[in-house]
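Following the hints, complete the assembly by docking chain G onto the known chain Y.
2 protein chains.
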Amino acid sequence: MAHPAFVKHQQTLEQALSAIANRGYWTPYPETPSPKNYGEQAAETGKAAFEAHLGKQFELDQPGQTGWHGGENSPYGIDLNIEYPVCEPDALVAASKQAMVQWQAIGAQGRTGVCLEILHRINQQSFEIAHAVMMTTGQGWMMAFQAGGPHAQDKGLDSVAWAWREQSFIPSEASWEKPQGKNPPIQMRKHFEIVGRGVGLVIGCGTFPTWNTYPGLFAALATGNGVIVKPHSNAILPAAITVRTVRAVLSEYGIDPNLVSLCVAPNRSVTQTLATHPDIKSVDFTGGNSFGQWLYDHCPQANVYAELAGVNNIVIDSTDSYKTMLGNIAFTLSLYSGQMCTTTQAIFVPAGGIQTDEGHKSFDEVCADLGKAIGRLLAKPEVALAVLGAIQSKDTEARIELANSGALGKVIQPSQALANPDFPNATVRAPVLLTCDAQDEAAYMEERFGPISFVVKVADTAAAIALSERVVSTHGALTVGIYSTNDAVIQSMTEATWRSKVALSINLTGSVLVNQSAGFSDYHGTGGNPAANAAYTDAAFVANRFRVIQRRYHI
Amino acid sequence: MAHPAFVKHQQTLEQALSAIANRGYWTPYPETPSPKNYGEQAAETGKAAFEAHLGKQFELDQPGQTGWHGGENSPYGIDLNIEYPVCEPDALVAASKQAMVQWQAIGAQGRTGVCLEILHRINQQSFEIAHAVMMTTGQGWMMAFQAGGPHAQDKGLDSVAWAWREQSFIPSEASWEKPQGKNPPIQMRKHFEIVGRGVGLVIGCGTFPTWNTYPGLFAALATGNGVIVKPHSNAILPAAITVRTVRAVLSEYGIDPNLVSLCVAPNRSVTQTLATHPDIKSVDFTGGNSFGQWLYDHCPQANVYAELAGVNNIVIDSTDSYKTMLGNIAFTLSLYSGQMCTTTQAIFVPAGGIQTDEGHKSFDEVCADLGKAIGRLLAKPEVALAVLGAIQSKDTEARIELANSGALGKVIQPSQALANPDFPNATVRAPVLLTCDAQDEAAYMEERFGPISFVVKVADTAAAIALSERVVSTHGALTVGIYSTNDAVIQSMTEATWRSKVALSINLTGSVLVNQSAGFSDYHGTGGNPAANAAYTDAAFVANRFRVIQRRYHI
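Quick note, the sequences are listed as chains Y and G, same order.
All residue numbers for the first sequence refer to my numbering, where the first residue is 3 and numbers rise by one.
All residue numbers for the second sequence refer to my numbering, where the first residue is 3 and numbers rise by one.
Next up, chain Y with everything else stripped away, as it sits in the complex (with noise of 0.2 Å):
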């Protein structure tokens, strides 16, 4: 008989097997924070919800707690001291790795029920998330909702429905007959058992804290796993909020809690420890490129799914939409300004300039004019804060004022701080834009997180094209992209990116931004360059977090 939760979901599993398989445009949790998808009281109930939190203790009561611990700074400078518990690694991982038991035992088709109805709960509270996002992360109100609440469900959906299509072609049982000519065949029942590999540890990022944390826990999760999520410093609470409801949701259907937990603790070594754990058998990190390498090298244990640093770019050979191109661009540089994985760091520009439907355009005419396109899309003090958020980090404040000084780079259009009255303690920077030849490799062949990025002086298109598929190849992108009215042209990037294993979008001049992948339907990241070991979604995210244990005797 079939899982309660499996049968409660099975339409939107199925429409997700479709969208997965046939990679349209989908979704079941809808991107508007409208009432008509949400409920007249949704926005007022997720607000009033998120704000209960602040000042509190968040009780999680999971096992081995020794004390409790906050101190998250929210970028647009409000109070949010909230302390979450802290619990022994020990504890968690062995509590994790009991639970699993009895996960394993509820099957693949239990298991995909409960991770849809745990989905389908959080999808319930966008609304709350989305402040927890947007508070904790510095996100813009619009970006917090959409991306840290339903296109993080659709990604946790996404590996859901991967590992759903990976496990139900594991037969339960079969027979197996081997004729013997006249002789009576060899007949043997074999069992196949799916087992998960182990406890997974999701090391979530400050910026995007559920986008890029639900497809590794809903990976682990679905394949049989128990899972311990140890969030960014600085943005705890959105996981804190999603580890609850997971924990709530597997209780209803009588699973262990301790399935899932949060770790939070004052030092990075106690990441370390757990990251090397002999039962932490995978870690989904998103990060820097020091500890993710850090992980590669210390946790044989374990598969080590990571998205680390990049520079990803744009070569612009030609457009015949010159002024459409530049606000497409100026509107993915100063997207949450700049703090997107998937943001444009470098853009190759040829010497002699580019033609467009508005002629000739030399490079410094290029680059000025991107410099004003930027400057035009900020001009009203609204969609400017809408747009760009808050700055996230010290780190990326420090980064800004690096480039603007001009140590980087010449300087196009230097970051402007903007003051938002809504919150007067934000951090909020514009972008800035900076200007180099292609042989200062050593400005822009570097991840600069954050709102800087580099107009590039190539000889001409076809030294861009290697030049992105060697920085692509080196040191890693996510997103590149081409600007040509030229086949021939689009067709060498295309067989660039083959090489360097990179997702290409072209012509990009209407709302969609090379920044930006659609659940279902975009590989965010292809795990074929540094940048990400892993694609989220595709087979080889989820296949190996589980085995196949057989037994098998004759009949």
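If you are wondering where the hints come from, they were derived from the structure by calculation, not from laboratory data.
One or more of the hints may lead you astray.
Since the list gives no way to pick one copy over another, a pair counts as held whenever it fits inside one copy or between any two copies.
20 Å max Cα-Cα, derived EDC-like pairs, lysine to aspartate or glutamate [claimed, not checked]:
| id | residue 1 | residue 2 |
| --- | --- | --- |
| 1 | 49 | 85 |
| 2 | 180 | 33 |
| 3 | 412 | 439 |
| 4 | 10 | 254 |
| 5 | 325 | 360 |
| 6 | 184 | 33 |
Then chain G, alone, in the frame of chain Y:
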């Protein structure tokens, strides 16, 4: 239009897909070497083809050739005197990488079709390959034919089927249409290109040069990669014949044959150079722990799929068929003189003895009766020679001598040397059976490759199951078995294997042996214990060998 090779073999592919889903008995490659299956002339032609290789240079027309190298010693003591091309590793890698462009361009359907044609042609060479396997590995004729021929082909097809399942799920194009309320929808076209990770290196072993090579070879090839096959220095010929056929079929379909090449080298450093080459993106390895660990530690640029050493074991609790149980185990220990990665090494028996259909048997009686069962099986020389084959390496001979000396435990039955009238120089050795206590871990708790087994005295059945679990978890195993008439004991052992992640055979008393693994039905290795980090074959074995590179644009 479908690729002609795909059309030709589509029915076989569909049956294979059904077989990996249902996991019943199926094969397109008959395991009986009869004229009915392979034609009246096949046996003779195959033997002649094998003999034609002897004393010759095996031409392959590969790039970068600098000389010739051979040196295989037949365990049957015949002279082989075959030399193979020695080529610059860099030249092989560069040529393979170059050929991958074409291989990518024909797409998953083309690659799958060509792989199926290759397997079909290899199947037609089963007799030739069987002689090559027999004479390089020491396998008996029937095993060499079956395991070296059709069963190895099954494993190759298993990989091709899984690779097709994963690749065929990726659409080549998608239309993405996002509604915008009353405004026109946003419309994009997306393309998804399947791109192999890069050249694969497949490192063969000395005992199963085709069975253990074909899974990695075909998994890498089908998913868009070139492959360099580095055979064991003493079992080159089966790999060389395979590579020649692969290259011939590639050429027939217009693909640069240098996509796949054979690497033979006088010293191991060449393998290390290849394995760490920046363009080598996967390494498939079957062999010892020390080189396996070296690969894990030194090849961060590649995904390593390794089958290493293990301590396969059986727990005997009770049986209702004592005689056939002993006969089954005796066959397992004797087959190919225990030189299988799946052969049982440790047999855990309660100190108080076991209940059987012939009454209670003391621990000592079980030891003695198993020794006698081996003696009975090998009493007829023609049977003994067919079952045992010959000893593949001097190292195995030395291990047999050590065991015979009593240094590893009390000798129940020493290994006997047998003469083979057809091959007077063959090294033929029957199994040595030892006994020791559970605490003598140094003796039995490391792999003693070859016909060396221990009946280990444990306190009781519960202790035996716990010991089996610990051995598998810490030292690895590809196979474990249980004999019991008690359902609770079988359940307890089953749950132990879920934790230690190893395949279980229950109460085998007929013609199926614990060390046999059936293509399309049994998973060989689970990938969840130290004996192997991957299963042959499952989704995880193929899905990370290719990446999906997308491009998108507005329409």
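Next on the checklist: For each hint given before, does the structure comply? Return the numbers of the non-compliant ones in rising order.
Outcome noted: none
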